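2 protein chains.
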Amino acid sequence: MSRLIYPVGVRILQSAAVGGHEEKNGPLGHLLELHDEDDRFGADTWEKAEGKMAALALSMLLAKAKLKSSDIDLLFAGDLQNQCVATAYGLLPFGIPYAGLYGACSTATEGLMLAAMALADRQIDRVGVVTCSHNCAAERQFRLPLEYGGQRTPTAQWTATAAGAFLIGREEGHASCGVGISAVMAGRMVDGGVKDGANMGAAMAPAAAESILTFLAERKKEPSDYDAIITGDLGEEGSRQLLRLLEENGLSLGERHKDCGCLLYDREKQDVHAGASGCGCSAAVLSCLFLPALSCGKMKRVLFLSTGALMSPGSLQQGNSILGIAPVVELEHAGML
Amino acid sequence: MSRLIYPVGVRILQSAAVGGHEEKNGPLGHLLELHDEDDRFGADTWEKAEGKMAALALSMLLAKAKLKSSDIDLLFAGDLQNQCVATAYGLLPFGIPYAGLYGACSTATEGLMLAAMALADRQIDRVGVVTCSHNCAAERQFRLPLEYGGQRTPTAQWTATAAGAFLIGREEGHASCGVGISAVMAGRMVDGGVKDGANMGAAMAPAAAESILTFLAERKKEPSDYDAIITGDLGEEGSRQLLRLLEENGLSLGERHKDCGCLLYDREKQDVHAGASGCGCSAAVLSCLFLPALSCGKMKRVLFLSTGALMSPGSLQQGNSILGIAPVVELEHAGML
Chain A
1125 MSRLIYPVGV
1135 RILQSAAVGG
1145 HEEKNGPLGH
1155 LLELHDEDDR
1165 FGADTWEKAE
1175 GKMAALALSM
1185 LLAKAKLKSS
1195 DIDLLFAGDL
1205 QNQCVATAYG
1215 LLPFGIPYAG
1225 LYGACSTATE
1235 GLMLAAMALA
1245 DRQIDRVGVV
1255 TCSHNCAAER
1265 QFRLPLEYGG
1275 QRTPTAQWTA
1285 TAAGAFLIGR
1295 EEGHASCGVG
1305 ISAVMAGRMV
1315 DGGVKDGANM
1325 GAAMAPAAAE
1335 SILTFLAERK
1345 KEPSDYDAII
1355 TGDLGEEGSR
1365 QLLRLLEENG
1375 LSLGERHKDC
1385 GCLLYDREKQ
1395 DVHAGASGCG
1405 CSAAVLSCLF
1415 LPALSCGKMK
1425 RVLFLSTGAL
1435 MSPGSLQQGN
1445 SILGIAPVVE
1455 LEHAGML
Chain B
1125 MSRLIYPVGV
1135 RILQSAAVGG
1145 HEEKNGPLGH
1155 LLELHDEDDR
1165 FGADTWEKAE
1175 GKMAALALSM
1185 LLAKAKLKSS
1195 DIDLLFAGDL
1205 QNQCVATAYG
1215 LLPFGIPYAG
1225 LYGACSTATE
1235 GLMLAAMALA
1245 DRQIDRVGVV
1255 TCSHNCAAER
1265 QFRLPLEYGG
1275 QRTPTAQWTA
1285 TAAGAFLIGR
1295 EEGHASCGVG
1305 ISAVMAGRMV
1315 DGGVKDGANM
1325 GAAMAPAAAE
1335 SILTFLAERK
1345 KEPSDYDAII
1355 TGDLGEEGSR
1365 QLLRLLEENG
1375 LSLGERHKDC
1385 GCLLYDREKQ
1395 DVHAGASGCG
1405 CSAAVLSCLF
1415 LPALSCGKMK
1425 RVLFLSTGAL
1435 MSPGSLQQGN
1445 SILGIAPVVE
1455 LEHAGML
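Top line first, the protein sequences correspond to chains A and B. Using the numbering used here, the first residue of the first sequence is number 1125, and each one after it goes up by one. Using the numbering used here, the first residue of the second sequence is number 1125, and each one after it goes up by one.
Here are the simulated distance ranges between beta carbons:
id, chain 1, residue 1, chain 2, residue 2, range
1, A, L1440, B, K1393, 37 to 47 Å
2, B, V1132, A, Q1442, 42 to 52 Å
3, B, K1424, A, S1445, 44 to 54 Å
4, B, R1368, A, R1246, 33 to 43 Å
5, A, L1337, B, K1424, 40 to 50 Å
6, B, R1368, A, P1217, 22 to 32 Å
7, A, R1264, B, R1267, 14 to 24 Å
The following residues of chain A were derived to be distant from chain B, with all beta-carbon distances above 10 Å:
id, residue
8, N1149
9, H1154
10, E1157
11, E1161
12, R1164
13, R1267
14, G1274
15, E1295
16, E1346
17, R1364
18, L1367
19, R1368
20, E1372
21, E1392
22, R1425
Chain B stretches covered by chain A per the calculated footprint, using a threshold of three residues with CB under 8 Å from any CB of chain A:
id, region
23, 1167 to 1176
24, 1209 to 1218
25, 1228 to 1240
26, 1304 to 1312
27, 1430 to 1436
28, 1441 to 1449
Just so you know, the hints here were simulated from the structure itself, not pulled from any lab data. Quick caveat, the model's predicted, so the values are computed rather than measured. In this text, a Cβ means the ideal position worked out from N, Cα and C, and glycines have one as well.
Model the full assembly from the supplied sequences, consistent with the hints where possible.
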């Protein structure tokens, strides 16, 4: 049985991206719909700020789509905070029927995949997907409180303060609108043996390689059939590992490979080490860079796979290695967003 | 638009439940397929033990269904540990395409709902759902280390050391087999204002009430159309609140209401205060008590709604109240498991 599922007539109809100070200062900053200069989004803790940012992304999505929250039938959301409380508290006020996800930084793609599947039998019309991450909340939960001023290693990535929101529906009434989701594939957990919590890219690269190899084989496609094969947040180190793993399997992506973690910041000017990470990274970059390119036809077809590192500080302390996972969505030009 | 979705021909084809020492000693203990007397399941930490228990539940499910792990197309799973690492590490060895969920103690129902939706367009055949909780892992993560010997309040519940696994498929080839999933409804997050981490039942009751009232109204059914309306883990206190909230809305459930949290232990003989809780509670009770009753026709139709408390120790410390959520599945007698 194939791992691929082919949604029929399912499209990303609209999206929105919100970021923080560092993201605004990066090369994609001018493409964010909203940002907050002090990363607080009006909240008194970093954790609450993350939820407020997720809410802003969803509000902006609804505004762009000219919809009310009651027009959304189901909302998939998740984040990196313990028990996913950023999205839960942040999205509570919308009152939309809710299904929480945990896919670590792969949540954006996991949500798009499940949204496409949920729309398949035509009983619901519109599904929302929201995900977010906040650098300061992540630092103190996964690593060290900011006040400690710890040194970061060269392979460490910078958890993005960013949120992305997506509206997924069917093409009826949107004949030349949006970006088609033409195929989806759930990820498989892969244990590459990496135990270094400051090298998530290397931990996730084997899962990304497995997903790309499986997807292309089952879809009977070559990399040249795609304008880009886009990973979520492998960063510089993980991207290098991915290309090496693929080349060992006879697959060369070359310039066709893009990584959202390498695109969000200017690593020459911004002190982010190996690049960006976090649930919000791939969501924001998809929303503000790749969806517009697919929508206007500058890109015709891409593979998009957010990459997740399944681990906790406790699991690392207990000697476990970091598991990677990389669900895939194939996106195609359908019309203008 | 209705919040209800009607899966066609989707059934729970098999299930399995595993528990610990306390669960084995409870009134449903003889119905568990497997248990471990010292709650360790061969692991050297409670956190790893929880993952091993989830793996045992899935192994038992596959054995009962006479399937290999490669026969399962997609696995929904989740637990209460930070970043859901119990199910991630526990289920890694099976290599099944994976979608992580976070619905707190509502995960079993969330998973059944999404499985039914995923099967709708007939591109995949079999979906697994696994969820678990472990008392000792939960105590030290959410409350206090066991060694501290803290006093518990009367409204506190006992996180069950239990795991449940379910196989969901379509009826083809299983004409008189299993339990039908005839309708599903995603939950809405409800903030009842409860900030007491030792009274989860009260925090979840408003969400359960909202789900039951909405489901019955949209389905145009009365409580008398069901043999039972089953909540996940409201416990004694939460169940009382639920019945009161429903009566305020003109709905009387009476004896028709069952709560898995009140059924798993004998509160006269076991020191569990207000009853059981945890992702594994409703999953295990559904598997070992209600699915067999539905399968043999002793029960014809039930509503099943696991109840989740969306919160973290950090969100409580920051002054947030506890959000409740209660997705619903309507289950019907179809044939013998």
